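Participant: Chains A and B supply the protein sequences, listed in that same order. Numbering-wise (this note's numbering), the first sequence opens with residue 292 and increments by one. Numbering-wise (this note's numbering), the second sequence opens with residue 8 and increments by one.
Please keep in mind that the hints were generated in silico from the structure rather than gathered at the bench. Quantities reported herein were computed from a predicted structural model and do not represent experimental measurements. We put the CB at the ideal spot given by N, CA and C, even for glycine. Worth double-checking, as some hints may not be accurate.
Restraint ranges, calculated between C-beta atoms of paired labels, are given here [to be verified]:
1. B/23 <-> A/330: 34 to 42 angstroms
2. A/321 <-> B/154: 51 to 59 angstroms
3. A/331 <-> B/150: 42 to 50 angstroms
4. A/331 <-> B/21: 22 to 30 angstroms
5. B/23 <-> A/362: 31 to 39 angstroms
Listed below are the simulated SDA-like cross-link pairs for lysine to any residue, each with C-alpha atoms no more than 25 angstroms apart in a straight line [claimed, not checked]:
6. A/347 <-> B/26
7. A/297 <-> B/21
8. B/121 <-> B/137
9. A/401 <-> A/355
10. A/348 <-> B/30
11. B/121 <-> B/48
12. A/297 <-> B/29
13. A/347 <-> B/97
14. A/297 <-> B/275
15. A/347 <-> B/42
16. A/348 <-> B/37
17. A/348 <-> B/36
18. A/348 <-> B/28
19. B/290 <-> B/268
20. A/348 <-> A/403
21. B/97 <-> B/145
22. A/312 <-> A/356
23. A/297 <-> B/53
24. A/347 <-> B/23
25. A/348 <-> B/285
26. A/297 <-> B/45
27. B/93 <-> B/170
28. A/297 <-> B/27
29. A/297 <-> A/318
30. B/290 <-> B/267
31. A/348 <-> B/145
32. A/347 <-> B/49
33. A/297 <-> B/42
34. A/297 <-> B/82
35. B/97 <-> B/27
36. A/297 <-> B/28
37. A/312 <-> A/357
38. B/97 <-> B/45
39. A/348 <-> A/366
40. A/312 <-> A/384
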Amino acid sequence: MLDIAKRNTEGLLALNDYTAKYGLTLDDKALALVLGRRDAALAEQGRVEFGSEVLKKLILAFADSDFIEQDTYADTMSSLLELFYYFKGEAGELISDVELAELMRSKFDKYEGDLEYMSGSSLSSLVRARRLGEDEPEDPLDWDDGDE
Amino acid sequence: MNDKGLEIIGGSYNADELYAILERNCFLYTMGESTTLPEETARELMLSILYCVRLHGTMHPGAAASSLRTGPSLRAAYEAGVEDAKALTKRARLLHSDASRHAPAALIACAPFKETLDAVSTFFALYDAQLFAHAIPCELVYPLCRPVEERVQGIEYILSYLRTLNAESDILARFPQTELANIFHTGLGYYEEQVVNLCAPAVENALGCALIGLDPLHPGIDESGRRELADALIHGETAPMLNDAAGAVCSALHIEGAARGLVFHITEALAPRLDAALSSDEKTAALSGIFFAQAVL
Numbered sequence: 292m293l294d295i296a297k298r299n300t301e302g303l304l305a306l307n308d309y310t311a312k313y314g315l316t317l318d319d320k321a322l323a324l325v326l327g328r329r330d331a332a333l334a335e336q337g338r339v340e341f342g343s344e345v346l347k348k349l350i351l352a353f354a355d356s357d358f359i360e361q362d363t364y365a366d367t368m369s370s371l372l373e374l375f376y377y378f379k380g381e382a383g384e385l386i387s388d389v390e391l392a393e394l395m396r397s398k399f400d401k402y403e404g405d406l407e408y409m410s411g412s413s414l415s416s417l418v419r420a421r422r423l424g425e426d427e428p429e430d431p432l433d434w435d436d437g438d439e
Numbered sequence: 008m009n010d011k012g013l014e015i016i017g018g019s020y021n022a023d024e025l026y027a028i029l030e031r032n033c034f035l036y037t038m039g040e041s042t043t044l045p046e047e048t049a050r051e052l053m054l055s056i057l058y059c060v061r062l063h064g065t066m067h068p069g070a071a072a073s074s075l076r077t078g079p080s081l082r083a084a085y086e087a088g089v090e091d092a093k094a095l096t097k098r099a100r101l102l103h104s105d106a107s108r109h110a111p112a113a114l115i116a117c118a119p120f121k122e123t124l125d126a127v128s129t130f131f132a133l134y135d136a137q138l139f140a141h142a143i144p145c146e147l148v149y150p151l152c153r154p155v156e157e158r159v160q161g162i163e164y165i166l167s168y169l170r171t172l173n174a175e176s177d178i179l180a181r182f183p184q185t186e187l188a189n190i191f192h193t194g195l196g197y198y199e200e201q202v203v204n205l206c207a208p209a210v211e212n213a214l215g216c217a218l219i220g221l222d223p224l225h226p227g228i229d230e231s232g233r234r235e236l237a238d239a240l241i242h243g244e245t246a247p248m249l250n251d252a253a254g255a256v257c258s259a260l261h262i263e264g265a266a267r268g269l270v271f272h273i274t275e276a277l278a279p280r281l282d283a284a285l286s287s288d289e290k291t292a293a294l295s296g297i298f299f300a301q302a303v304l
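The task is simple: from the sequences and hints, build the whole structure.
Facilitator: Structure follows, in structure tokens:
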């Protein structure tokens, strides 16, 4: 089990090679912090995860966003992980990891990195609609589009 | 579970191996679309792995011992267990087919019995020996006279259920069906819609007949018969008398094998009920709740 955990950590640190070109890196300490919050989020949401694929997917999906900065990188990734697990359950498991990460990224950029707005409004409605098999609701930020 | 190993059916396996199987099954379950699952689903996936390993150990104790000598492999035991579960599923399909084809008329008329046969078909459609081998994805409403133990899981439960059901069916088929339906109507009312076991009352009536020297093949017992029964039982010891009667019923109806075991099980369960009825002031009336007469047509 220790070998698996070690391999996962090494895999995550290796992503620094990719994210460094966007000015983002996680050192051992920051990564341990993120993984600690990941474990707490999983426990809170009553979920289990094999490996650290979700964090990898989020890092890759968000690395080139204009709204992530190195100072808050670890904290932002931790928050994104928490939201990911929450919305995964909210969607009734009907949304794939990649699809959810992409949805979160698009809303994250639309709300200029404001996680509270992103999660509280449009993403929540979107995920709920997905679970209920309803048409996806229009994003409030799109309401003014085409009126002028 | 610790980091070094875990004990499963007497063998010690590496926990990493179990983790790898679980991870693989999670991948299969989500079709590779998710690496995170609700705890409940992960727990079920884990229970399925352990079920398959145990099943293999139970079905092939020699092979399991050999595996331990040559170096235990949890994956090998799990995969062999999945194949064992699939083989048992084939066996259960045959028993289900027998249950459908050979059921006697009195049982076919019973709605819960038909619902149960349909439910077993559903089981075969939904059962997943690889990911949820321990699960029983159907509800079997027809109550057996000897229920399957609750600890029995997955395909073993269905097999055990069908074996007992077919043994009950075999017993019921030996009686004249119209007489049997008639007795059920007298004692149970509109039995066709009731969730009640039918084998036990049929055998109990046959036992009553055997106790007073009547032919167990025609198991209706009227009031005078019940009076005679009360007299006979009061002057003797219930358990040995019933045991002799069970032997007589099996001989008269040519009941053998698993069905014979059921007759003796029903007999054993009847003894305390008879004692309770015989301790009543209205013995004959109390016995009418156990021994049913043919309806007067």
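Participant: Does residue 297 of chain A pair with residue 27 of chain B here, judged by a C-alpha cut-off of 25 angstroms?
Facilitator: holds, 15 angstroms
Participant: So if I understand the rule, the pair passes when the alpha-carbon distance is 25 angstroms or less; does residue 121 of chain B with residue 48 of chain B pass?
Facilitator: violated, 31 angstroms
Participant: Tell me if the straight-line CA distance from residue 347 of chain A to residue 23 of chain B falls inside 25 angstroms.
Facilitator: Cα-Cα ~22 angstroms, so holds.
Participant: Hey, residue 297 of chain A versus residue 275 of chain B, does the alpha-carbon distance stay inside 25 angstroms?
Facilitator: violated, 61 angstroms
Participant: Taken at face value, is the distance from the CA of residue 356 of chain A to the CA of residue 312 of chain A at most 25 angstroms?
Facilitator: OK: residue 312 of chain A and residue 356 of chain A at ~12 angstroms, within 25 angstroms.
Participant: Please verify whether residue 97 of chain B and residue 145 of chain B have alpha carbons no more than 25 angstroms apart.
Facilitator: Measuring from Cα to Cα gives roughly 17 angstroms; hence the hint holds.
Participant: Between the alpha carbons of residue 297 of chain A and residue 82 of chain B, is the straight-line distance 25 angstroms or under?
Facilitator: Holds, because 23 angstroms separates the two Cα atoms, which is no more than 25 angstroms.
Participant: Given a hint of 22 to 30 angstroms, does the C-beta separation of residue 331 of chain A and residue 21 of chain B actually sit inside it?
Facilitator: With a Cβ separation near 28 angstroms, residue 331 of chain A and residue 21 of chain B satisfy 22 to 30 angstroms, so the hint holds.
Participant: Run the distance test for residue 348 of chain A versus residue 285 of chain B: straight-line Cα separation, threshold 25 angstroms.
Facilitator: With a Cα-Cα distance of about 75 angstroms, the restraint between residue 348 of chain A and residue 285 of chain B is violated, given a limit of 25 angstroms.
Participant: Decide if the proposed pair is consistent with the structure: residue 297 of chain A and residue 318 of chain A, CA atoms, cutoff 25 angstroms inclusive.
Facilitator: holds, 15 angstroms
Participant: Need the status of pair residue 290 of chain B, residue 267 of chain B: alpha-carbon distance at most 25 angstroms?
Facilitator: violated, 29 angstroms
Participant: A range of 42 to 50 angstroms was offered for this pair. Does it hold for the Cβ distance of residue 331 of chain A and residue 150 of chain B?
Facilitator: holds, 47 angstroms
Checked against the numbered hints given earlier, the structure breaks hints 1, 8, 11, 13, 14, 19, 25, 30, 31, 35, 38 and 40 and satisfies all the rest.
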